[in-house]
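Residue numbers (the numbering used here), protein chains in the order written: chain R, 1126 to 1431; chain X, 111 to 642.
Keep in mind that the hints were calculated from the coordinates and are not lab data. For every residue, glycine included, the Cβ atom is placed at its ideal position computed from N, Cα and C. Hints are supplied without guarantee of correctness; some may be wrong.
Derived pair list, reagent style SDA-like, types lysine to any residue, alpha-carbon separation capped at 20 Å [to be verified]:
hint	chain 1	residue 1	chain 2	residue 2
1	R	K1179	X	S372
2	X	K535	R	H1153
3	X	K198	X	S162
4	R	K1179	X	K358
5	R	K1283	X	D603
6	X	K358	R	L1276
7	R	K1283	X	P223
8	X	K559	R	H1153
9	R	K1283	X	G292
10	X	K190	X	D204
So, partial list: chain X residues that the calculated Cβ filter (under 8 Å) puts toward chain R [said to hold, decoys possible]:
hint	residue
11	D161
12	S162
13	V242
14	L245
15	I306
16	D308
17	E311
18	M347
19	K359
20	I521
21	S522
22	T527
23	K530
24	E558
25	K559
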Amino acid sequence: MRRYVIKRLLSLVGTLLGVSVLIFLMVHLIPGDPATQILGQFATPEAISQMRAKLGLDQPLWQQYMRFVGNLFAGDLGTSLFTGEKVWDQIMNRFPITMQLAILSVIIAAIFGILLGTIAAVKQNTFVDRLVVLTSLLGISAPGFWIALFLIWIFAYKLALFPISGYEGVHSLLLPAITLGMAEAGMIARMTRSSMLEVIKQDYMRTAEAKGAALFRIIVSHGLPNAIIPVVTMLGLQFGSLMAGAVVVETVFSLQGIGSMAIEAISKRDMPTIQGMVFFMALIFALTNLIVDLIYSRIDPRIHFD
Amino acid sequence: MKIHKWKQGALSVFVATALIAGCSSQPSNQAGNDTSAKGNTLVIASLTDPDSLDMHKTSWLSMENSLIYEPLLTRDATGKLHPGLAEKYEISKDGKVWTFILRKDVRYHSGDPMTAASVKDSFDRLLAISPVKGLAGPIEKVEAADEYTLKVHFSQPFAPFVNVIVGGLVSPLDAKKAKELGDGFSDNPSATGPIIFDKRERGASLTYKKNPDYNWGPEYAANKGPLQFDSMMFRLMKDDDTRLMEFKKGTVHVLYDAPPNSVAELETLPGVNIEKVMDVGNKYIAFNNKHPLFSDVRLRKAVALSVDRDPLVQVALNGFGKPVYGPLAPTIYGYSEAIESKAKQLYTRDLGKAKQLLAEAGWTDRNGDGIVDKDGKPLSVEMLVSQEPAFQRAVQILQSQLKEAGIDMKISVQEMTTIKDRISKKSYDMALMYYGWFDADILYLIFEKSNSTSRTHYTNPELDVLLNKGRLEMNEQARLKIYEDAQEILLNDLPWVPLWVSETVVATRGVKGFTVNPYTQGITLHDVTLEK
C-alpha cells in the first residue's frame, strides 16, 4: 500500500510537469501582447517595453519556461499582473468558497443520486423508475445558468429565503450547490440504478431474501455497499470537475470563488494567475483521484494495490 | 463491516476537505451582512472590479476607483468649466506654464493638508510610475511656487491639458501616504474626495465611507459639505439577470449599465428612475488602410455609404445610443455640429452611390450572384469583432447591409486582445472598434503617425500637421478651428467609419439626486440622498 502511494505520488510529479508544459504553451500561444493588455490602450511604448521585460517576455521561450517551472516547484506561483497579489494568496482567498460549494454539491448529488437510483432499481420498469430516469435526464441536460436563474427566481426573489447573490455565509451556497449538484445527481442516479440492477441479481441478495430479511435491510446492508463502488469513483471525479467547473454558477451567484477568478484572469490575460490556477486545479484533481482510489480499496477489499 | 469501512472512507474525504477549507484564510467577513441596501449605505451594482485603487497604477479610471480623487478643474453637466481643487488657473503667454492657485481648506483622507508641495509630489509620482503618463503631455517639471501656488512647466504648449485635468488623470493623491505604504497604497488609497476607502473584498465588493471633514464641494453642487449618506458600496455582479433581480428586489439602489433589453420593464416599476448618459467616444469600423483593398478611398467610402446607422442603434443597442457620422461624439471637447451635419450629408446610406464607387474601382457583379467581383474574384472581406453582445448584434446587421451593396463581409469573432494584436500586425481587413477620451486630441492618439499603427495604419502628413498644431494652439477658437479642419480631412479621406456613440443606462430607485456627468463620466455624489 505504501509503495503504491509513493509510486502514485511520483507519477503525480510527472503529470504535473506535463501539465506545466501545457499551461505554459497555452498561455504563450494565445495571440495578443499581455503587456499591452495590462497597461491599457494609452500606455507609452516605454512602459510597455518595461512591462515586457518585467514579465520576461523579451527572453527566449525556453528560458521563460525554465524560470516558470523552477518557481512552480519552489512553490512560487508568481504574482498577479493585475492585482499585484501573490497568486497563491489569491487562490487561498478564493478557494474556500469553491471548496465549500463543491463539497455541498457532492453531498447533494450523492444523497439524491444514490437514493433515487436505488429506488429506481428496486422499482425497475415501473412508473417510479421511468420518472427517476426522466428527472435525471432533465437534471443532466438542463443548462446550469438556467437552473440557477430558476432557483434564484423562486427561492431568493419570490420567497426571499436566500440572498440572490453574494456570500453571506454557508446558507448562501445552498442554491448554487443545488444548481451544481442537480446535474451530478442525475448522473449518480443513473449510475446507481444500473449498478444496483446488477447487484440485485446476485446470489447473496437472493440468499438474504430467502433468509427472510426485510427488503430495506437487504438493499441497504447487502446491495448498496456493492453497488456503490463505481459510484464512488464517479463522485470523486465529479468532485474534481466541480471545483474547476463552478465558473458559470459563481458568475450567476456573484460568488468570489476560483471559477470567477479564472474568468477575470483569462479576460485580462493575467498570465501568472491563469497558470497558477490551472496548475493548482490539476494538482487538486490528481490528489482527488488518488484519494478516491485509496477509498476504493477500503470499500472493496478485493482491490489491492501493490 | 464493509459498510462501516465505506462510511469511514467517505467521511475521511469530507473531513479532510472541510479541514482544508477551514484552514485556509476563511473569508468570514466577505461582504458581511451588509450586502443589502439597508441602513444609510448607497449600494451600486457594478460590473468591474478595478485592478488597482491607486490612480497612478490602474490601467483605467472607472467610477469604482475614481471617486476618492478630485480634479483641479471640473465641468458641470452642461460641459461648463468650473474650479475644482484649484480656485483658478492661468496659462503663461507662451502656453508652456500652467499656474494653479489651490484651495486652502482641503485635506487628504490622512488628515494632512493639501498644499502645492504635496500636489507637486503627486505629479512627480505620476510621471515616475504611470504607464499612461504620456497622456498628461510633455511635462518638464512641476514646481510649488509657494504654499498654494502650483506651476506645471511643459517643454512645449499642450492645449489638451485642461481636459486631461477634467478627466481626472492628474488629480492629486496623498503622495506622502503613498510613499509610506508603497505597494500597499493600492489597497488603502488616500486623496481628497468626499468618500474614504473603507474595505474591499476582491471579486465581491468595494466599500467607502463618507469623509466627515469634507467641505469643498464643487460650485455646481447644492451641498458642498459631507455627503448625505454614511457609506457607499459597489457590489460586483457580472450576470445581468442576477443584477436585475437584485435591483428589483430593492437590495441595490443603482443599477449601472442596466441591460438595454430590460429598460422597458424597469420603467414600469414604481419609483424607478432611468437616466441615459452619453459616452465620451465612438464605436467605429476601423479599416486597415494599408490593405490592398482599403488603401483605395473609393472602397472605404462604399462601405460607409452601405451602412444605415439607425437600425444599428435601434436594434443592436435597443435604442440606447446615437448614430454618429463625424469623428467626435457630442460629449468630446472639439465636437462640431457643422462637421457632424456635413458628415451626415456625405455618408447617409446611399446604395446607388456605394455601387457606383465600387464600379469605379472595378468591382461589379459580373456573375449575378449579388456580390461584386473583379478579375473573377468576389469582394470578400473579414470583419474582426469582440464577443461584446451589442457588437455581435451590430456586426450581423452590418453584414446584411454591406451585402445589399454587393460586399461579402465575413464575421470573425475574436477576443479584444487578439483583435488589437492583429491590428498592430496589419493582419486584418476591418474591425469593429471603439475609443473614449475627453478631448479632440484623441484624433492625435488614433491617427498621428506615432500612433496610427495601433489603430488604422492611416498616415496623412497634412493631418499630422494639424493634429500636432492642435496640441500647441492655446487660443480656444483657433484650436477648435484646427480640429474642424482635421475632421474635414477625415471626412474626405475616411480612414474609418464612425457608427454610434453609446449611452449608458443608469436605473436608480430609493435614491434622489444621483447624476452621471457626461463630460467627465463621473458620478456626482454631493446632492445624493437616500429615501428612508
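Against the earlier hints, flag every one the structure doesn't satisfy and list their numbers going up.
Numbers 1, 3, 4, 5, 7, 8, 9, 10, 15, 16, 20, 21, 24 and 25 - these are the hints that the structure violates, sorted from lowest upward.
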